[in-house]
Amino acid sequence: MARSMLVITRQSPWSGPTAREALDIVLAGGAFDLPLGLLFLDDGVFQLMSGQHAARLQQKDLTANLQALPMFGIESVFASRRSLSERRLDEASLALPVELLDDAELGSLINRYDQVITL
Amino acid sequence: MATLHLLSHSPFSDGRLASCLRLLCAGDALLLCGDSVYALQSGSDHRKALESIPDSVALYALDEDLAARRLDALPARLLPVDYAGFVELCCRYERTNSWL
Chain Y
848 MARSMLVITR QSPWSGPTAR EALDIVLAGG AFDLPLGLLF LDDGVFQLMS GQHAARLQQK
908 DLTANLQALP MFGIESVFAS RRSLSERRLD EASLALPVEL LDDAELGSLI NRYDQVITL
Chain L
161 MATLHLLSHS PFSDGRLASC LRLLCAGDAL LLCGDSVYAL QSGSDHRKAL ESIPDSVALY
221 ALDEDLAARR LDALPARLLP VDYAGFVELC CRYERTNSWL
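Protein chains in written order, with this note's numbering: chain Y, 848 to 966; chain L, 161 to 260.
Heads up, some of the hints might be wrong.
Partial selection, computed: residues in chain Y whose CB lies under 8 Å from chain L [stated by the list, open to error]:
| no. | residue |
| --- | --- |
| 1 | R857 |
| 2 | L888 |
| 3 | L953 |
| 4 | G954 |
| 5 | S955 |
| 6 | I957 |
| 7 | N958 |
| 8 | D961 |
| 9 | Q962 |
| 10 | T965 |
Calculated from the structure, these hints are not laboratory results.
Yeah, the Cβ is synthetic: ideal placement off N, Cα and C, and Gly gets one too.
Work out the full structure: start from the sequences and follow the hints.
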């Protein structure tokens with residue numbers, strides 16, 4: 848049985864390559880049918896905003912990659928309810944359906960996976 | 161079930177510690193290394209936050225990082241470890257979560 852892994856992504860899409868690298872780990876793992884979860888925490892929730900214009904910064908749009916998650920078999924996608932509400936982001940406006948979790952639920956989520964990495 | 165959380169950034173310029181403290185579970189542990197040991201600075205809000213985490217969460221710090229930064233007057237609950245202890249902790253807990 849493959850070991851499960853939770854990737855916690857907590858950087859905005861514009862703060863360097865970290866957000867894209869976290870997503871690449873998840874998509875690559877999904878392509879190999881690894882049991883992976885993805886949690887958006889802190890500024891990582893900004894990745895979920897729809898209608899961003901990456902081309903204005905000569906960057907590629909991360910949202911398209913996010914929307915590929917279900918195609919790669921990644922269905923465990925979570926976000927911190929606190930991180931969204933601190934940033935006044937509305938669940939209905941997100942580019943991707945996610946399961947919102949409270950702080951206490953985040954702790955037990957981490958403890959459900961064999962391996963965890965926070966980027 | 162338990163997770164060892166590894167922090168290495170100063171909490172005075174970064175939100176990793178604050179986020180980590182919110183998602184600790186009973187049985188989890190926190191290992192401070194590098195600039196994250198500045199969280200133990202006497203009288204600081206971060207020090208108070210560390211002192212108020214439940215006793216069910218163990219608190220470790222890398223001894224040489226404490227000494228290099230002259231962090232003393234440490235809380236009684238803090239368990240200093242050397243690199244061998246660091247490795248032992250990584251093996252003892254079911255998973256580690258490095259806040260990179």
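Does the closest beta carbon of chain L sit nearer than 8 Å to the beta carbon of S955 of chain Y? Since chain L brings a Cβ to about 6 Å from S955 of chain Y, closer than 8 Å, the hint holds.
Go through the hint on T965 of chain Y and say holds or violated, using the shortest Cβ distance to chain L against 8 Å. holds, 5 Å
Hint N958 of chain Y vs chain L: min CB-CB distance below 8 Å? holds, 5 Å
Chain L contact restraint on Q962 of chain Y - CB to CB distance below 8 Å: With Cβ-Cβ at 6 Å, under 8 Å, it holds.
Regarding the hint that L953 of chain Y lies at the interface with chain L, is the smallest CB-CB distance below 8 Å? holds, 4 Å
Does L888 of chain Y hold up as a contact with chain L if the rule is Cβ-Cβ below 8 Å? Holds - the Cβ of L888 of chain Y comes within 8 Å of chain L, reaching about 6 Å at its closest.
Do the numbers back the hint for D961 of chain Y, that is, is its least Cβ distance to chain L under 8 Å? This hint holds: D961 of chain Y lies near chain L, its Cβ roughly 6 Å from the closest one there, short of 8 Å.
Would the hint on I957 of chain Y stand, with a C-beta cut-off of 8 Å toward chain L? holds, 5 Å
Proposed interface contact between G954 of chain Y and chain L, which counts if any beta carbon pair is under 8 Å: holds, 4 Å
So, R857 of chain Y near chain L? Judge it on the closest CB pair being under 8 Å. Holds, because the Cβ-Cβ distance from R857 of chain Y to chain L comes to roughly 7 Å (cut-off 8 Å).
Checked against the numbered hints given earlier, this structure breaks none of them.
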